[in-house]
Amino acid sequence: MTDELVNVSEPTTAHVTDGRKLRVGYVVTFDPAGPMGLWEKLQDRLALWADSGVVADVAVCVRDTSSLARAEMAGPHKLHPLIASRSFLATRHLGGWAKRVRPDVIYARYALPWPGLRSLARYAPVVLEHHADEAVERRWRPWGVKVVSWLGSSYVLKAASGFVYIDPALSDSQHLSRFPAAKMVLTNGVRIDRSVQFGSVRDRKPGPPRLVMSVGVPERWHGLDKYEALAELCPDLEFHVIGAEGLAASRPNLIYHGRLDVPAHDRLLHQMDIGVGSLGLERIDCEFASPLKVRGYIRAGLPVVLGHTDPDLPASEESVLSLGYGFAVTVDIARRLQDFAARQTGRTCSPALANNVDARTKEDRRLAFLRELAAPPRRPSNPKRQSAPERRPAP
Numbered sequence: 001m002t003d004e005l006v007n008v009s010e011p012t013t014a015h016v017t018d019g020r021k022l023r024v025g026y027v028v029t030f031d032p033a034g035p036m037g038l039w040e041k042l043q044d045r046l047a048l049w050a051d052s053g054v055v056a057d058v059a060v061c062v063r064d065t066s067s068l069a070r071a072e073m074a075g076p077h078k079l080h081p082l083i084a085s086r087s088f089l090a091t092r093h094l095g096g097w098a099k100r101v102r103p104d105v106i107y108a109r110y111a112l113p114w115p116g117l118r119s120l121a122r123y124a125p126v127v128l129e130h131h132a133d134e135a136v137e138r139r140w141r142p143w144g145v146k147v148v149s150w151l152g153s154s155y156v157l158k159a160a161s162g163f164v165y166i167d168p169a170l171s172d173s174q175h176l177s178r179f180p181a182a183k184m185v186l187t188n189g190v191r192i193d194r195s196v197q198f199g200s201v202r203d204r205k206p207g208p209p210r211l212v213m214s215v216g217v218p219e220r221w222h223g224l225d226k227y228e229a230l231a232e233l234c235p236d237l238e239f240h241v242i243g244a245e246g247l248a249a250s251r252p253n254l255i256y257h258g259r260l261d262v263p264a265h266d267r268l269l270h271q272m273d274i275g276v277g278s279l280g281l282e283r284i285d286c287e288f289a290s291p292l293k294v295r296g297y298i299r300a301g302l303p304v305v306l307g308h309t310d311p312d313l314p315a316s317e318e319s320v321l322s323l324g325y326g327f328a329v330t331v332d333i334a335r336r337l338q339d340f341a342a343r344q345t346g347r348t349c350s351p352a353l354a355n356n357v358d359a360r361t362k363e364d365r366r367l368a369f370l371r372e373l374a375a376p377p378r379r380p381s382n383p384k385r386q387s388a389p390e391r392r393p394a395p
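When we follow UniProt numbering, the leftmost residue of the sequence shown carries the number 1, and every step to the right adds one.
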């Protein structure tokens with residue numbers, strides 16, 4: 001396990017240690033109806049937070065309310081829609097939202113320095129979750145996005161009190177190291193399905209070994225072209241694809257399912273034998289990653305195939321096949337995949353993998369970090385007046 005605290009400065013605000021509930025303002029700038037499973041991950045996270053006595057006020061920045069149809073809040077948490085003609089413009093309302101809810105700390109997944117993010121620091125310490133090095137990603141971003149990033153990044157990041165790095169390599173980022181925020185490395189986790197018997201034989205329908213790749217949005221770094229090339233070299237294996245729409249199978253052992261809702265996606269995973277992660281992450285210089293889709297495979301009990309380094313999934317594990325960062329599809333690679341499929345088909349992945357990606361432990365560490373940085377409790381504006389003894393009437 002590589003989750004660790006790095007370069008943690010002493011918080012300048014008081015810790016939440018008085019037994020009261022931590023109140024977190026949570027900022028969402030992605031579409032709750034999007035295909036990437038981010039909303040489902042957030043729901044899982046908030047459920048675990050509720051178990052720990054944490055209350056979240058969730059600000060969702062959207063164009064209209066149609067995308068909020070499935071954005072329901074369970075438990076003690078509250079949903080606050082912020083609406084504008086563009087979702088990023090809705091972030092301009094974040095200051096007013098924070099002023100109303102007065103959280104102890106604010107948490108947001110950082111993508112770009114959208115309007116309104118900096119204003120949050122006026123009301124509570126802000127912790128930003130980083131999934132990539134913004135300075136590196138500018139190389140392949142559209143020109144308009146590059147300009148927004150270049151102009152606003154420092155302005156927003158220097159106001160943050162804490163950074164949470166999903167990728168351990170971000171600890172070495174020259175761009176992010178310039179800012180004084182306390183920094184924590186915490187890879188992605190997932191709520192483990194305790195009904196799955198990890199490290200055991202599993203029931204499966206007869207047929208060849210079935211591999212599956214979830215692609216979410218069709219980006220080059222998924223390595224779908226490599227996956228298709230492996231299907232050509234391994235005709236005795238079935239290669240399933242979830243999420244890619246409008247593509248026709250070029251081979252009988254290559255099966256496209258298109259976009260699936262969450263229940264259908266999960267049902268299909270339980271019919272598979274092996275989950276395949278992104279195979280082309282070298283195309284965006286991302287050697288270290290902890291993708292949500294790979295955690296979803298493990299939650300379903302699937303052994304996994306990787307084309308990158310995952311800090312939670314060592315290549316020495318029998319349930320993990322590492323094809324190597326930046327690998328090229330060759331006959332030897334195909335043979336290794338066939339051997340792995342022969343060994344792992346009909347078995348669930350090891351309990352060690354499930355423990356390594358268990359979100360319960362990870363969320364406990366995240367909440368400890370947030371408590372360290374949380375603002376002190378608000379006090380009455382004039383405590384002397386409130387504590388003064390009652391004046392007796394004159395005789």
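Careful: at least some of the hints might be erroneous.
[Stated by the list, open to error] Straight-line alpha carbon distances no greater than 27 angstroms define the calculated DSS-like cross-link-like pairs of lysine-lysine that follow:
(1) Lys158 <-> Lys99
(2) Lys41 <-> Lys78
(3) Lys78 <-> Lys99
(4) Lys21 <-> Lys99
(5) Lys146 <-> Lys158
(6) Lys41 <-> Lys21
(7) Lys205 <-> Lys158
Calculated from the structure, these hints are not laboratory results.
Here is how each hint holds up against the structure:
1. The hinted pair formed by Lys158 and Lys99 meets the criterion: a straight-line CA distance of about 20 angstroms does not exceed 27 angstroms.
2. For the proposed pair Lys41 and Lys78, the alpha carbon gap of about 17 angstroms is at most 27 angstroms, so the pair holds.
3. Distance check on the hinted pair: Lys78 and Lys99 sit about 15 angstroms apart at the alpha-carbon level, within 27 angstroms; holds.
4. The straight-line distance between the Cα atoms of Lys21 and Lys99 is roughly 19 angstroms, inside the 27 angstroms bound, and the hint therefore holds.
5. Of the supplied pair hints, the one linking Lys146 and Lys158 holds, its CA atoms being roughly 19 angstroms apart against a limit of 27 angstroms.
6. Restraint check for Lys41 and Lys21: satisfied, since their Cα atoms lie roughly 22 angstroms apart, inside the 27 angstroms limit.
7. A threshold of 27 angstroms between alpha carbons decides the hint, and for Lys205 with Lys158 the separation of about 55 angstroms lies outside it, so the pair is violated.
In terms of the numbered hints stated before, the structure departs from hint 7 and from no other.
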